[in-house]
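Colleague: The residues making up each chain are set out below.
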Amino acid sequence: MKTAIKLAYRNLIGAGLRTWLNVIVLSFSFVIIIFMKGIMTGWDYQAKTDMTNWQIGGGQYWHEAYDPYDPFTFIDSHAPVPAGMLEEIERGEAMAQLIVQGTLYPAGRMVQVTIRGIDPAQQVLQIPTARLDTLTDDIPALIGSMMAKNSRLNEGDYVTLRWRDAAGTFDATDVIVTGIFATNVPAMDAGQIYIPLDTLRAMAMLPGEASILTFRESERQRPGLPGWKLMSKPELTREVDELIKTKQTGQTVLYGILLLLAMLAIFDTQVLSIFRRQKEIGTYIALGYTRQQVVGLFTVEGSMHAVLAALAGAAYGVPFLAWQAKVGWTLPMEASEFGMAMAQTLYPVYSVGLVATTVLLVTITTAIVSYIPSRKIAKMNPTDALRGKLQ
Amino acid sequence: METTGNIISIKGLYKRFPMGKDVFTALHDVNLSFGTGEFAGLIGPSGSGKTTLLNIIGSLDVPTQGEAIVLGRSIGKLSPRESARLRKESLGFIFQSYNLLAVHTVYENVEFPLLLLNLTASERHKMVLDALEWVGLSPKIKSKPPQLSGGECQRVAIARAMVKKPLLVLADEPTANLDAANSHHILQTMEKLNRELKTTFIFATHDEKVISYLKRKIYLLDGRVDNEELTEAI
Ligand SMILES: Nc1ncnc2c1ncn2[C@@H]1O[C@H](COP(=O)(O)OP(=O)(O)O)[C@@H](O)[C@H]1O
Ligand SMILES: [Mg+2]
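Order-wise, the sequence lines are chains A and B.
For the first sequence, counting from 1, position 19 maps to 19 in our numbering; every step adds exactly one.
For the second sequence, counting from 1, position 102 maps to 102 in our numbering; every step adds exactly one.
Hints in this document: simulated from the structure, not taken from any laboratory.
Computed from a prediction, not measured in an experiment: that's the story for all the values here.
Beta carbons are placed, not taken as given, at the ideal position from N, Cα and C, and that holds for glycine.
Hints should not be assumed to be uniformly reliable.
Covered by chain A, according to a simulated footprint, are these stretches of chain B (three or more residues, beta-carbon under 8 Å) [said to hold, decoys possible]:
#1 56-64
#2 91-101
Here are the simulated DSBU-like pairs of lysine-lysine, each with C-alpha atoms no more than 35 Å apart in a straight line [unchecked claim]:
#3 Lys279(A) / Lys126(B)
#4 Lys209(B) / Lys379(A)
#5 Lys142(B) / Lys209(B)
The whole structure should be built from the sequences, with the hints applied where relevant.
Modeller: This is the structure we're talking about:
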């Protein structure tokens, strides 16, 4: 094997330009696959971190009637905060939100909104609810920057908010925008308006009630609460997982095409090399190689493209990938249009496992592609090979 | 003659090649034997079957009929592994077109057959240097074949064939691409190695210069042994 590697190395280097072209094509595959996978991992990581920080904390209890995709359920999805959670909320380790459907009238327009009653003192989510803690007589409200843009609201603006209370009666009041925040989590921005929990409870005539309870600690085993649905963190992030999986399927096609191109080049080189080097093959056999050993030699030679490509890829890929990890990759379109937790700039994350599996995958594929044409040698007649007789 | 026992014994050997619907008989009832230390040649015009016979002796090809026993092994009954073993341990080949590995140095070319044997690096090193000295190429150790003349290339090929001190060397038209001076040079080298190492040499040739060095001349014509001649050592 050591001999085969040494010989293969000399033959490859001896082949010159052709080897280097193959190596460069193959090294692109390495770098692009690792980069794209790194972006995916980075996105996954960032999306989950943002979701945790802004939306779901360490997990949630949902009122059993609550369905975030159906605002008409909000009218029924509330209940008094269960006694078992009160102490945790008191300690600041959990928080209650009351969710009420409403309508906002900015500058004469009409915008359907979800009104979220939230404790201004909460520390579980990153939403800057402290901005709701003002001493005005007006009702303070907090919105995300996307919402602010769409409804053309600025800090200090008054806007009319209409809602329906528990008795089914419509009511309206003016609220003042005391804060606008930027988040990567559209679910917490688009169509959302935040007002202090106790204010909303009073407005809706639902004292002490809540629709969702968010807790910080994700590790602890949580009891079931009657009338509430326990939503663990993995359940809440499943959507992100699924979206990333779909994206990865699309990417796999790209890697497939990339690898196919590289493999065609290697395959072609192998076929040509076996055809042109018949005399050499005959000589190996005359010197005492078995045909299987010659097959091995050519397979090692072909596979070595992958090793050289890994080295070449490392030479320019490491600086490139490191630079990308630092400056990030900025999306060419508006990230918010994805409707997904997604930052405008994604920071790729590379793991040892990712690099190792990519290198392994490409090397094994190269070895197989090198082996297939080399099998022909095993059927060669050594005397024909020595005469360089075309077959 | 310094022959002690037969190392090759060929009896009733036929080699037929399929030629479309027909078969072509390249070797016709060949009976020959060779002893240790011979310096013999198969002589005949092109197409007379010299290469075919040499290839069978070298276990690169198999008889269609009859038998060829080389160093106690019956060619044609050997597995691919056994015939590879016979070649790597006991046989050396020299070709008309040298068949050197162009991307390897002279040293590496000569070392090549030793890589298949269980030898240490220092044993290999010594053997390669010895072989290069026999053929007078010690100064060119780091050159690559494209930088050498034809005569030098063939001397590298002789060193490669001789480096493991095989019992038998098969040389197929070794001088066909060389001028007279180089032909004599390599023939003298081979004659010396035959004398000093007792290596058996079998040539295939129709070159008068080669023929003049042979101690035994076997004339082939249309695949048959036509005539045999023994000469005294020069
Ligand atoms: N593999 C083969 N298939 C068909 N014919 C062959 C083959 N090898 C050799 N021959 C024929 O056998 C004859 C002897 O060939 P060869 O041994 O190469 O002759 P020489 O070496 O004496 O010139 C030639 O006519 C050649 O065409
Ligand atoms: Mg011939």
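Colleague: In ascending order, which of the hints set out earlier in this document are inconsistent with the structure?
Modeller: 4
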